[in-house]
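Colleague: All chains should be built: construct the whole structure from the sequences, respecting the hints.
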Amino acid sequence: MFSISSEAKVGLFVLIGMIILAYMSFQVGQRGFTFKKGYLVEVQFDNASGLAPDASVQIAGVEVGRVEAIRLKDGKALVTLRLPREIKLEKDVTAAIKTHGILGDKYVEIIPGTAGKEALQPGERIERVERQADVDRLLNQLAAIAEDVKAVTGSLSKVMGGKEGVDTLGAILENTRQLTRNLNMVVKSNEANLRAMLENTRELTGNLNRIVVQNDEKVGQVIDNLKTASKEMEKTFAALSEITATVKGGEGTLGQLIKDRQMAERLSKTMASLQEVSDKINSGRGTIGKLVNDEETVNNLNQSLSGLNRYINKTEQFRTYIGYRGEYLLDKSDAKSYVDLRIQSRQDYFYLLGLAVDPRGRRTERESTTNNVTTRTEEWDKQGLLFNAQLGKRFKDFVVRGGIMESSGGVGVDFLTFKDRLKLTFEAFDFSRDRKTHLKTGGELRIFKNIYLNAGWDDFISDQGNSSPYVGISIRFEDEDLKYLMGSVPVPK
Amino acid sequence: MNFVLGAVDYVGRAVLHSVEEAGRIFQLFLSVLAWLVRPPLRLRPIFKQMEFVGVRSIFVVVLTGTFTGMVLALQTYHGFRMFSAESMVGATVALSMTRELGPVLTALMVTARAGSAMAAELGTMRVTEQIDALYVMAANPVKYLIVPRMVASVVMLPFLTIVSDFVGVVGGYFVGVHLLRINSGIFMKNITKIVELDDIFNGLIKAAFFGLILSLIGCYKGFNTTGGAEGVGRATTEAVVLASVMILISDYFLTALMF
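Protein sequence lines, in the order shown, are assigned to chains A and B.
Letter by letter, the first sequence follows residues 1 to 493 of our numbering.
Letter by letter, the second sequence follows residues 1 to 259 of our numbering.
Don't read these hints as lab results, they were simulated from the structure.
Treat the hints with care, as some may be off.
[Unchecked claim] Computed list of lysine-lysine pairs in BS3-like fashion (alpha-carbon distance at most 27 Å, straight line):
no., chain 1, residue 1, chain 2, residue 2
1, A, Lys269, A, Lys235
2, A, Lys76, A, Lys106
3, A, Lys423, A, Lys396
4, A, Lys106, B, Lys193
5, A, Lys423, A, Lys332
6, A, Lys9, B, Lys189
7, B, Lys48, A, Lys9
8, A, Lys98, B, Lys189
9, A, Lys419, A, Lys436
10, A, Lys88, B, Lys193
11, A, Lys269, A, Lys280
12, A, Lys449, A, Lys419
13, A, Lys98, B, Lys193
14, A, Lys37, B, Lys193
15, A, Lys88, A, Lys73
16, B, Lys143, A, Lys106
17, A, Lys332, A, Lys436
18, A, Lys117, A, Lys37
19, B, Lys189, A, Lys88
20, A, Lys449, A, Lys396
21, B, Lys189, A, Lys37
22, A, Lys91, A, Lys73
Modeller: What follows is the structure, encoded as structure tokens:
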């Protein structure tokens, strides 16, 4: 009898335990080792209820990966999937959350896209998502449908229910049956006749059609002619009978002419002078003659007509914009307001008329030395109302304008970009000796159809402390009514 | 009145006693830790205890494990059949075994087998004054007697548990596939699909902890035995009961902590 040492026994046992542990670990833990490798892709679902991290990701029912994480992003579920490197997804794959098994385990099914398309890179997102069939919503819809069906069947049962309804239906069916039977009999017994009749009718209509088509125009003309002719004749006859009656009685001019000698002489004289006048006109004598015979008159008339035409066209071309702009001067805690009327006579040409309200005014400092005494005067230009009157022309993205700006001479350049959404402006005006030129720069961004945001720097080189950044808002819209008002104002030519 | 006072007195004493005992057990644990790291570490007594705690327990652990797995398969089969989800039997058995039943049943069996033996052994040594003799020989009884038992228990319990897990699943497989005619492929597929590596390892960590509890309580009860042969018997009983209860209580907290 040999004995094994306790070390050997323990060692053997530990070995067996280790082997079992290793075996079990490999059985259950396979994925745990392999799926931490691979790459991640994202997919956004409206609703990921029931989906848990580590849920399986399948393609055609074959598990290829696991759900790595589920996060909320912008009110939607952002699901990260971990897939092994050898699984390549096309860019147009579709992801869907599906259920399998009776316990309703959720998993992500990936429906392959077009073969040969570009592969999805790690970290990219699957764009196509199949909507998950929401059982609750489905049931709601079903309930609504059932309600409708119930209403229909309810009204049907009202109509048909009861003894009366059944009787009526029965009678209707019986009548229909008899009718069809009779009809059938009639048709059957007269089949040959009916056929012949139909054949004849067909021929007849065919012929008629041909005749009408061939003589369509002529017939129309003949009828028209007949109509006018008969009308004219009727009139002629009536007039003739009247004339003859009058002449016969010696009434009227013709009657007198015929009867009266003196009258005849006078008439002939009148005729002669008429002849004379028309001769004069023809030869270009007298006012009317001149008018009629002069080419210039015609030209003038033509010109004035075309001028009128152009004027009308202009009115159509005119575009009139009314705008308000408020600018809040940040350093001054004060606001400037502008009201503009922009008349765009052509696509690239406009007049700008406007008023500006500057409650703060502009400060001017003067130093004057008299008798060795230096006086420093501080003046505030507080013209409540400033005027703008400018002419502008657009060259592609640039607008150059000039004229009166805030009641002083000035020029400005605008640069428009982003399909005219953004306007950058530079203005220079008030070129006065006492202070530096008023320079203003800023931008205007269209945020809605008629609403713009402004920001910039007003009078930024001012040596009088007038410099200030500003922010503002402006409203500008096209005015149709005003345009027509402008169009109807008499314009001196 | 006297009765009420007596009850309060009794409860108070019991609470004080248990708190005191908990403190002493913890003290013993600390001194074991201290003696564990103090050289020389003698491997021979450790291996002897490993053989006793681990190898000699295999049979009983295999037996309980197998039958637990089998009965689990049988019971869950009837439940799952109501939902025609018989394929989940394997996964249920495997999950229950690895997470709970494997570690707990193994620990209870080892408590009954080895924990009681530790208490009886050390108790006898105490009442026959052999422990005092060790002191006389300048050999620390904690290092000489308790450290090997605790190390052996902590190391061996996970191995016993893994054996228990395995035979439990095998028992479940036998019942499920061969007796209840569940498809073997689906049975295994569901096990591998649902059971994770963490389930197994957390079960093993629990088992190691249970090993610590049962050896600590067994040794403590034996080490502090008083009152002759009767005292040894009482110490053994107390050790088994307390260790079992502590295992089940700590199991709950460990589970809550880990899963």
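Colleague: Look at each hint and say if it fits the structure.
Modeller: Cross-check of the supplied hints:
no.: 1; hint: A:Lys269 with A:Lys235; verdict: violated (33 Å)
no.: 2; hint: A:Lys76 with A:Lys106; verdict: holds (17 Å)
no.: 3; hint: A:Lys423 with A:Lys396; verdict: holds (13 Å)
no.: 4; hint: A:Lys106 with B:Lys193; verdict: holds (14 Å)
no.: 5; hint: A:Lys423 with A:Lys332; verdict: holds (24 Å)
no.: 6; hint: A:Lys9 with B:Lys189; verdict: violated (35 Å)
no.: 7; hint: B:Lys48 with A:Lys9; verdict: holds (10 Å)
no.: 8; hint: A:Lys98 with B:Lys189; verdict: holds (20 Å)
no.: 9; hint: A:Lys419 with A:Lys436; verdict: violated (35 Å)
no.: 10; hint: A:Lys88 with B:Lys193; verdict: holds (24 Å)
no.: 11; hint: A:Lys269 with A:Lys280; verdict: holds (17 Å)
no.: 12; hint: A:Lys449 with A:Lys419; verdict: holds (13 Å)
no.: 13; hint: A:Lys98 with B:Lys193; verdict: holds (18 Å)
no.: 14; hint: A:Lys37 with B:Lys193; verdict: holds (18 Å)
no.: 15; hint: A:Lys88 with A:Lys73; verdict: holds (26 Å)
no.: 16; hint: B:Lys143 with A:Lys106; verdict: violated (56 Å)
no.: 17; hint: A:Lys332 with A:Lys436; verdict: holds (19 Å)
no.: 18; hint: A:Lys117 with A:Lys37; verdict: holds (24 Å)
no.: 19; hint: B:Lys189 with A:Lys88; verdict: holds (26 Å)
no.: 20; hint: A:Lys449 with A:Lys396; verdict: holds (22 Å)
no.: 21; hint: B:Lys189 with A:Lys37; verdict: holds (22 Å)
no.: 22; hint: A:Lys91 with A:Lys73; verdict: holds (22 Å)
In this structure, the earlier hints numbered 1, 6, 9 and 16 are contradicted, and the remaining ones agree with it.
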